[in-house]
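Colleague: With these hints in hand, go ahead and build the complete structure from the sequences.
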Amino acid sequence: MAAISTEQAGAWLADYAQVIGENAAMLTDLDRQTGDADHGSNMDRGMKAVAALDVSSFDSPGALLKKAGMTLVSNVGGASGPLYGTFFLRFAGALDDGPDDASGLLGALRAGLEGIEQRGKAERGDKTMIDALAPAVEAFETQSGAGTSAALTAAAKAAARGRDEATDLIARKGRASYLGERSKGKQDPGATSMTLLLESAARTLGSA
Amino acid sequence: MAAISTEQAGAWLADYAQVIGENAAMLTDLDRQTGDADHGSNMDRGMKAVAALDVSSFDSPGALLKKAGMTLVSNVGGASGPLYGTFFLRFAGALDDGPDDASGLLGALRAGLEGIEQRGKAERGDKTMIDALAPAVEAFETQSGAGTSAALTAAAKAAARGRDEATDLIARKGRASYLGERSKGKQDPGATSMTLLLESAARTLGSA
Amino acid sequence: MIGIVVVSHSRALAEAAVALAEQMVPQESRPQLAVAAGAADGSFGTDASAVAAAIEQVDSPDGVLVLLDLGSAVMSAEMATEFLDPAMAEHVRLSGAPLVEGLVVALVTASTGATLDKVESEARNALQAKGKAVG
Amino acid sequence: MIGIVVVSHSRALAEAAVALAEQMVPQESRPQLAVAAGAADGSFGTDASAVAAAIEQVDSPDGVLVLLDLGSAVMSAEMATEFLDPAMAEHVRLSGAPLVEGLVVALVTASTGATLDKVESEARNALQAKGKAVG
Ligand SMILES: Nc1ncnc2c1ncn2[C@@H]1O[C@H](COP(=O)(O)OP(=O)(O)O)[C@@H](O)[C@H]1O
Ligand SMILES: Nc1ncnc2c1ncn2[C@@H]1O[C@H](COP(=O)(O)OP(=O)(O)O)[C@@H](O)[C@H]1O
Ligand SMILES: [Mg+2]
Ligand SMILES: [Mg+2]
Ligand SMILES: [Mg+2]
Ligand SMILES: [Mg+2]
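Chains as they are written, first to last, in full-length UniProt numbering: chain C, 1 to 208; chain L, 1 to 208; chain G, 1 to 135; chain E, 1 to 135.
It is possible that part of the hints are untrue.
Away from chain G, derived, C-beta distances all over 12 Å, residues of chain C [claimed, not checked]:
#1 E7
#2 V55
#3 D96
#4 P99
#5 G107
#6 E114
#7 R124
#8 T142
#9 S144
#10 G147
#11 K157
#12 A160
#13 E165
#14 G174
#15 G206
#16 S207
Cβ pair distances, simulated, as ranges [to be verified]:
#17 C:G21 <-> E:D85: 34 to 40 Å
#18 L:Q118 <-> C:M26: 39 to 45 Å
#19 C:G206 <-> E:D85: 37 to 43 Å
#20 C:P99 <-> G:G113: 17 to 23 Å
#21 C:A52 <-> L:R182: 50 to 56 Å
Because the hints were derived from the structure by calculation, they are not lab data.
If you're wondering where the values come from, they're calculated on a predicted model, not measured in any experiment.
Here a beta-carbon is modelled for each residue, glycine too, at the ideal position from N, C-alpha and C.
Modeller: As structure tokens, then:
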């Protein structure tokens, strides 16, 4: 038994797919400011393909989430494809191998974060999705004694804060880095979609 | 009055167009060994367009040859387009401005050579068309006291010798230079077409 | 804003490179951009007259940056500058930047109103991002 | 002979670059070459699975050189190498070379049977010819 059930993982992905659909235009608008105006459509294409997976055909949350990662890799297209793809693949591996409590979820989140850092050769402060995910993992760890639900709520809040704090940074990775100084003051699309992912997790994995 | 008449210039171009047509496959075969297998078709396309010019509509040999140069520039496509284009443009300018004897033709040939050297940032020994043209200009100069006809015959012979001597060189300019050492032993297509141009001149401009 | 010209032996290549680069900059802030690519009959090649026409089309007092594919395109481009009005030719810069990577960076940088010098040097260093990523 | 893979966000760009480079080498002496470019639905993007499949398609004991367009293609390519059999991944080299200029040089050099090291270093220096020509 992993920290979450296959059904919970499926609910998370379904919720995120819906939220991405609702926010695709906004994400693409953000990417128009600092990139190539496709983050919303990239993520929406990817998550629609993920939402089409048959949850009942997977026998562990890890198997489902691995398939979701591979689906993102092949359908997103942009940098966010390998990044979110790596996140879910690493998350899935750690989840199936980990304990069935909040610490199992923490290990999975941390593995996902490390995967993105490695894949993107990026770190906190580069104005990327890491600036939302890294503080979220920290907050989850701090709150994990209070249970998964409280920890996820804290993580989602920390992600939003991290996303907002990154707005003032100069982008050092990805297309936005072409803008140099001019990326300052612009909200990062990847940090925004990452915050949505953690908010979605707080809604769907809270009872884990 | 220039060193050659408009009619002679026209005859030269017509003869060269025919010779290129007859040798296009051979030139392309040479270019297959060291380049991209298009020198014959490049030159043939260009010279067919030149042959279509109405010689009677030009009121000086320079005007005709300038138009021929521009026609090559726009129709040849490969490196030989700007190179032969520059040759004819510079040749034409020097011809109309020069004296009406062998020295006028020498000045035109020399201007053409310098144009190619400048355009190609190349010199003798780089295994290019210059290795045919440069010795030809020298031979023309040495023989110019004996009259245009003798000078052109000597120039054509020197060009052929230069073309053959270049075969043992390593290409330092153009696509053939990608081959490095392996260009050794291969006959240069541009030096070959340049030799044909001087042989054609010896046939058609001899009475100048 | 400077103008940009793409010179390539292949029209398909030039157009695909432009399409990729244009993704990076919203239409309303893009610099003027023209392509001179391929021989008249659609085969591979460059045409100095076409390059000159492309430069005239995007000419700006801020200058024109010319990106090129292979070494031999440089000959056509240099010849093109000799066809131009000398006053115009003076602010035309031929770039040794990588075609695709340089074009993306040049378009982004030019769209900010950067000088010709700045756009040129950014384009010339366009491989750095990839080099760092490859590690 | 090594194999060559072209990774690009644009299928049109990858195919045009390959067509230009293939001009330089007669068909019978060309190395194996595969393209992984564009998203599945034809829009711009890269796909790590497609990159892995392209590498497998041209794999050779002499190695595989992977040319890439923009920095973010590197992520897909690195992920692709993680999908491969580790023995295969070991002789796959991601190149920081300029896409178009590097591909031309890589194809010519690979066709001579040069080692992966040699092809890679020639491709990385592919801008020199143009740089010299631009002066
Ligand atoms: N090297 C990287 N490391 C971490 N995150 C990155 C990196 N490059 C880009 N990103 C994230 O990806 C987001 C852009 O995703 P997207 O627009 O889908 O891809 P692309 O930039 O290829 O069009 C950025 O906002 C940023 O958060
Ligand atoms: N930089 C140069 N200077 C002088 N001649 C050159 C130069 N580059 C190429 N050439 C000549 O041009 C010939 C090749 O012409 P062609 O095949 O028509 O052009 P391309 O190489 O563009 O396909 C070579 O054989 C050589 O003689
Ligand atoms: Mg984007
Ligand atoms: Mg994109
Ligand atoms: Mg050729
Ligand atoms: Mg050619």
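Colleague: Starting from the hint list further up, note which numbers the structure goes against and sort them upward.
Modeller: Checked against the structure, the hints that fail are numbers 14, 18, 20, while the rest are satisfied.
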